[in-house]
Amino acid sequence: MYFGCCHVRDRTKQAKRPAVKRGGLDLVLGGPPYAVMVRIDVTNGSGYDCPMHPEVVQPRPGTCSICGMALEARTLSAVEPPDVELRDMTRRLWLSLVLSVPLMVAAMAEMVTELGEVPARMLPWGQLALASPVVLWGGAPFFVRGWRSLVTMRLNMFTLIAIGTGVAYVFSLLGVAIPERFPEAFRDGGTVPIYFESAAFIVTLVLLGQVLELRARGRTRSAIRALLDLAPKMARRIGADGSEADVPLALVEPGDRLRVRPGESVPADGRVLEGTSTVDESMMTGEAMPIAKAAGDAVTGGTVNERGGLVMRADQVGNDTVLQRIVRLVIEAQRGRAPIQGLADTVAGYFVPAVLAIAVATFLAWALWGPPPALAHGLINAVAVLIIACPCALGLATPMSIMVGTGRGAQLGVLFRDAAALERLGAVDTVVLDKTGTLTEGKPRLVTIDAVGDHEEAAVLGLAASLETGSEHPLAGAIVAAACGLTLANVTDLRAVPGAGVIGRIGERTVAIGNRRLLTELAIEGGDHTARADGLRAQGQTVMFVAMDGAVIGLLGITDPIRESAPGALAALRAGGQRLVMLTGDHRTTADVVARALGLDEVFADVSPADKAAVVNRLRAEGRIVAMAGDGINDAPALAAADVGLAMGSGADVAVERAGITLLRGDLGRVVRARRLSRMVMRNIRQNLFFAFAYNVLGVPIAAGVLFPWFGLLLNPVIAAAAMSLSSVSVIGNALRLQRQRI
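Following our numbering, the numbering of the sequence shown begins with 1067 at its first residue and continues without gaps.
Just so you know, the hints here were simulated from the structure itself, not pulled from any lab data.
Keep in mind that a hint or two might mislead.
Said to hold, decoys possible - For each label pair, taking beta carbons as the anchor points, the in silico distance ranges come out as:
{"hint": "1", "residue 1": "R1749", "residue 2": "D1295", "range": "43 to 51 Å"}
{"hint": "2", "residue 1": "P1437", "residue 2": "W1191", "range": "23 to 31 Å"}
{"hint": "3", "residue 1": "V1513", "residue 2": "D1672", "range": "15 to 23 Å"}
{"hint": "4", "residue 1": "G1284", "residue 2": "T1514", "range": "52 to 60 Å"}
{"hint": "5", "residue 1": "D1295", "residue 2": "T1514", "range": "43 to 51 Å"}
{"hint": "6", "residue 1": "P1127", "residue 2": "R1749", "range": "27 to 35 Å"}
{"hint": "7", "residue 1": "G1601", "residue 2": "M1300", "range": "55 to 63 Å"}
{"hint": "8", "residue 1": "F1756", "residue 2": "G1284", "range": "22 to 30 Å"}
{"hint": "9", "residue 1": "R1640", "residue 2": "A1206", "range": "56 to 64 Å"}
{"hint": "10", "residue 1": "L1764", "residue 2": "T1412", "range": "19 to 27 Å"}
{"hint": "11", "residue 1": "W1203", "residue 2": "G1284", "range": "21 to 29 Å"}
Note that CB positions come from ideal geometry on N, CA and C, so glycine has one too.
Model the full structure from these sequences, guided by the hints.
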């Protein structure tokens, strides 16, 4: 909400009509200098959800009805709001720690002799006084979540914690209040043993684990907030009369003229109208070298204007900017569920009931065959089983790695749409690459104009450019750019032939431009022009035929340089065991020139957009796991058909929408980084799952007392709680390593 100041008199009659846009309701009351703006968030993505179970969504903060974890806000702001859950858990932790430390000291047998002046009957009551605030107040959230899990029969980690600490505390309370009611099997030397220190310290250790977990989850959101912080809070808007005023960024509309002064961040996506400068686009490209900008050049919100002043037109604002789209992709990916999470979910579904059964069996075994006091031993060992088997580490294993990995990807210019794409990329063995805009710069230039017969080169170029005006294809852009200065004709009945070219009418004539497939479509004979076209293709040029009234009138040769990053990136992929395949609608001869230069394994040329998807499906049918990298509208079907779609961020929006992964600025080196990151995250998840399972597999039998007959060893519940917390810390620390690893 933004606040201004205004007089008491009513200015609401001057208020603009409220408009729902960019995910919110903007209401502006009054006018300068007495303006009040109220923004009400009505974004569909608002509310709170669970990192482990994204399907659990509610409008207010709370806990997950399935696992009991604290919910997180689905939308983030650049300014981090206070973490109410973390603050509450931290407060409970400190008070519990202060009371638990003397409680542990007072419970030690050695201390009883030193406190001879304290009546023996008073010592248990003192322990009760110290333990009660810890268990009943410090552990209150765990009991609430544990009770909810029992009521809903969604058993989770808090079920075990609540039962374990609750049993230890209630047993000790009754042992102090009515010791005479206990049978001999519960007595140790005539007295009932009490476990206040165990119950209190278990609560304290679980609180410590919760605080560490919440802080770690906050760190995983730092990458998103770093991105959000790039956007300025204000923009300098130029009015229709030439006046300038600083306004909140939320008030900027598409079409507004904005002044960007040296050192300021660009407030929105748009184009430069006036001025020259250099702009630091490292947040998009990862490159430190600033980019020169002049009138007509595109600028991206969040980049930094370095030296000269610019006047720009805002085209995309608010949630429509590239920066906001990046943030949305990262948030969605962090809340996604990787397929490997299904393993943890399956295990967790059986784990808690199995632990409860083991705890009951432990109590019965000790009660029947254990040494005196048999029931007391059975009770404390059952509590140790419940505590050490707490599956909190198992629940954190996958989400923590996914959150850290996707955040790290955003910093590297690799945006994962969901966790499933992150997991699949690491298993890919075949990478299919489009040529134009992926292997090449995507900035082709016209180098050859070959007019036929009496037709002049300028006339041929003018007709071709007239048809291609308005097309977003890179080859069309090269033709239009070469025709700069020529007078272009009006075109009617314009029709596109997918994967072939375009046809239209200019005056009374039918004009077409496209590849050899278009000539076949129109039943036009190539004749001698075919040999000339083959010669140009052998030089690496893409050839476009220009035809008028059923006859070829010229050929256009276009070259597109290979990306500077392509050879190194492809060499790294090849070294990683990837099969490299080029898929292009270009002619076989031209495609072979590029393929030989880059050392590709296989080439599919002269393919239509539908054929591209068919080729990808054929490779998958052969048992290959396929990633497809492309940037054009014609690549969208193949991107959707692949196991993993890699959209070059500089490409068409439809390509980005169909892909599972977006590579900012289309740098092929980011394909290598994306694959490395995927493999690192999956390795990290497997390590986390190992930590979680290893603690439980080793700890549960020891807690149950299997070593007692041979070594006389029993596991105190406090040690069990420490081991349980250590497993969570191990998982969290291992996941956070991804933030520091070199990729």
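Evaluation of the provided hints:
{"no.": "1", "hint": "R1749 x D1295: 43 to 51 Å", "in the structure": "violated (31 Å)"}
{"no.": "2", "hint": "P1437 x W1191: 23 to 31 Å", "in the structure": "holds (29 Å)"}
{"no.": "3", "hint": "V1513 x D1672: 15 to 23 Å", "in the structure": "holds (22 Å)"}
{"no.": "4", "hint": "G1284 x T1514: 52 to 60 Å", "in the structure": "holds (59 Å)"}
{"no.": "5", "hint": "D1295 x T1514: 43 to 51 Å", "in the structure": "holds (49 Å)"}
{"no.": "6", "hint": "P1127 x R1749: 27 to 35 Å", "in the structure": "holds (34 Å)"}
{"no.": "7", "hint": "G1601 x M1300: 55 to 63 Å", "in the structure": "holds (59 Å)"}
{"no.": "8", "hint": "F1756 x G1284: 22 to 30 Å", "in the structure": "holds (25 Å)"}
{"no.": "9", "hint": "R1640 x A1206: 56 to 64 Å", "in the structure": "holds (58 Å)"}
{"no.": "10", "hint": "L1764 x T1412: 19 to 27 Å", "in the structure": "holds (21 Å)"}
{"no.": "11", "hint": "W1203 x G1284: 21 to 29 Å", "in the structure": "holds (24 Å)"}
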